[in-house]
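K.L.:
If you want the building blocks of each chain, they are given just below.
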Amino acid sequence: MKIVIMGCGRVGAQIATLLEQDGHDITILDIDAYSFRRLPPDFKGTALLGNGMDGDVLKRAGIEETDVFIAMTQGDNRNVMAAQIAKHIFHVPRVISRIYDPLRQEMYDTLGMEAFSPTAIFAELVREKVES
Amino acid sequence: MYIIIIGGGRVGYYLAKALLDEKHEVLIVEKNAQFCDIINEEMGNVCVRGDGCEAATLTEVGTSRADMLVAVTGEDEDNLVACQVAKHKFNVPRTIARIRNPQNEAIFKKLGIDVTVSATNIILEAIEKEVPTHPLTHLITRADKGLEVVEVRIPQDAKTIGKSVKEVRLPEGTKLALVIPKDRKPAIPNPGTVIREGDQIIALTTPELEEELRAILTGI
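One line per chain: the protein sequences are A and B, in this order.
Heads up, the first sequence is in numbering that gives the first Met the number 0, so the first residue is 0 and it goes up one at a time.
Heads up, the second sequence is in numbering that gives the first Met the number 0, so the first residue is 0 and it goes up one at a time.
With the rest of the complex left out, here is chain A (with noise of 0.2 Å):
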């Protein structure tokens, strides 16, 4: 599969490092050429340094072909932009986006967007630790 990234932070670098692992075509976008420095130096894929809101840098990430956009920056709502514009102008079959505000993440997966909340599963997680 082609699967483009937006944002190299230490998520961004660990599924990019991953995914690459298994087989798949991978293109890693940051704002940041320092933000790199998180991939393995035996990765195959490539590194674009570029602004994922910004329709021309998408097409140069090449996705008009690609099967999956995933939104991991920082902040929410430029994931959250980032993934309709991969949506709904490009026509990505899936999106997926990290939101961390609970509430916006309910708000754009019933929008139809595959998002998930990092502090709602972790706090669920930690719930589980205590009680168990």
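Possibly wrong hints are sitting among the right ones.
As the list claims (entries may be wrong) - Chain A stretches covered by chain B per the calculated footprint, using a threshold of three residues with CB under 8 Å from any CB of chain B: (1) 41–54; (2) 67–79; (3) 87–100.
Treat the hints as calculated values from the structure; they're not laboratory data.
None of the values given here were measured: they were computed from a predicted structure.
Cβ coordinates follow ideal geometry from the N, Cα and C atoms, glycine included.
Use these hints to put chain B onto chain A, whose structure you have.
P.N.:
Same frame as chain A, but now just chain B:
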């Protein structure tokens, strides 16, 4: 009307002032405590501190009874999300977003934002109108319909001078709607209308064909 403004920066501040003068009920949502204090001191208690993209904040300020929400923070993505939350969670009838990247105009329309305001485009249009030598002025732009109404001035060295409309090969999809000569009455052009120096021509075109139309009409 009850109008909620997201973002108490310079745009939000002056917008609130103007709307209060027009006797609207106005409320600003601003993240920065210092900005909130300044606004509340100067305009009375019209500013609530909070994140305007969060449903909890919007509930607190009674968004479900708002007639309009205007998002004017400095970030396009924040304005988009504030408007979408207002629309989908609170059914606000009208949402307006400020945008910085003119490219986002079409995207925001597609994502359900009623009106977008791009300062970049407004400044550009004002410059075009103020600079009389600029041969092409945008009068109306409807990006969602792919329509532009433009005004083209015929410069003294244009190749089209003395030719009739019929002889000028206009790009397919463009149309001349009105000719305003310097010293005669405006007229709807017919194929025999002759183009003269200084004519103002009002034409219908598309964003893609605009440059070709200008080149043909003013061709040197």
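K.L.:
Are the hints correct? Go through all of them and say.
P.N.:
Cross-check of the supplied hints:
| no. | hint | result |
| --- | --- | --- |
| 1 | 41–54 | holds (count 3) |
| 2 | 67–79 | holds (count 5) |
| 3 | 87–100 | holds (count 3) |
Of the numbered hints listed earlier, not one is contradicted by the structure.
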